[in-house]
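Asks: Kindly produce the complete structure, drawing on both the sequences and the hints.
In our numbering, the protein residues as written are 195 to 327.
These aren't lab readings, by the way, just hints derived from the structure by calculation. Keep in mind that a hint or two might mislead.
Said to hold, decoys possible - Derived CB-CB ranges, DEER-like:
1) E214 x A302: 30 to 36 Å
2) D257 x A237: 28 to 34 Å
3) E282 x N204: 27 to 33 Å
4) D257 x E321: 32 to 38 Å
5) K229 x K206: 15 to 21 Å
6) N326 x D257: 37 to 43 Å
7) D238 x S323: 19 to 25 Å
8) N259 x E282: 30 to 36 Å
As the list claims (entries may be wrong) - Straight line, CA to CA, 25 Å or less: simulated BS3-like cross-link-like pairs of lysine-lysine:
9) K221 x K253
10) K229 x K317
11) K229 x K254
12) K229 x K322
13) K317 x K253
14) K322 x K203
15) K285 x K218
16) K206 x K254
17) K253 x K305
18) K208 x K285
19) K254 x K317
20) K305 x K208
21) K254 x K322
22) K285 x K296
23) K203 x K229
24) K253 x K296
25) K203 x K285
26) K218 x K317
27) K211 x K285
The beta-carbon is built from N, C-alpha and C at its ideal position, and this holds for glycine as well.
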Amino acid sequence: MATQFTFGKNEKLKSRKLTEQLFKTGKTFSVFPVKVFYLPVNADHIVKAGVGTSSRNFKKAADRNRIKRLLREAYRTQKTPLTTFLEEQHKQVALFFLYTDKTLPEFAMLKHRMQQALERLIKQLHEKSAANT
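Replies: Structure (C-alpha cells):
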C-alpha cells in the first residue's frame, strides 16, 4: 500500500458524543507543547483525530487557526506509523491534540514533537494490547 499523507473528512473527529466521551473517559499524556487525548473506540475509520488550542492563551482567532493548521499538518505528515500499527492490530482510536504553550510554535519543532507523541501513543497502545492478551 502506498503511503497516504492525507487527512480527509472521514478521518476528522466531528462527533460531539465521541469528543465528549474522549475528554471524559479517554487517557491522556503530554509531549510539551502537545497534550494528547486518546480513546480506543469502534469507529468507521482507523483514526479519528481533532486539534485545538486555548482561547485563553491566544486571544486572536488568526493565531488559534494558525496553530490548528500547523497541528493538522504535523499530524498528517507523521501519522503513517500509527495507522500501520492500528491496521495490524485491527483497532480504532479517537485522538485529540491540544496545543498548551503560550507562544506561537515553529513548524519544525511542532513536527518533531508530534512524531514523539505518536511514537509514545503507539508504545502505550502496544503495551495495553500486550496486557490484554
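Asks: Give a verdict on every hint.
Replies: We went through each hint and held it up to the structure:
no., hint, result
1, E214 x A302: 30 to 36 Å, "34 Å, holds"
2, D257 x A237: 28 to 34 Å, "31 Å, holds"
3, E282 x N204: 27 to 33 Å, "20 Å, violated"
4, D257 x E321: 32 to 38 Å, "36 Å, holds"
5, K229 x K206: 15 to 21 Å, "19 Å, holds"
6, N326 x D257: 37 to 43 Å, "42 Å, holds"
7, D238 x S323: 19 to 25 Å, "21 Å, holds"
8, N259 x E282: 30 to 36 Å, "35 Å, holds"
9, K221 x K253, "28 Å, violated"
10, K229 x K317, "16 Å, holds"
11, K229 x K254, "21 Å, holds"
12, K229 x K322, "20 Å, holds"
13, K317 x K253, "35 Å, violated"
14, K322 x K203, "28 Å, violated"
15, K285 x K218, "20 Å, holds"
16, K206 x K254, "24 Å, holds"
17, K253 x K305, "24 Å, holds"
18, K208 x K285, "19 Å, holds"
19, K254 x K317, "36 Å, violated"
20, K305 x K208, "23 Å, holds"
21, K254 x K322, "40 Å, violated"
22, K285 x K296, "34 Å, violated"
23, K203 x K229, "23 Å, holds"
24, K253 x K296, "11 Å, holds"
25, K203 x K285, "19 Å, holds"
26, K218 x K317, "22 Å, holds"
27, K211 x K285, "19 Å, holds"
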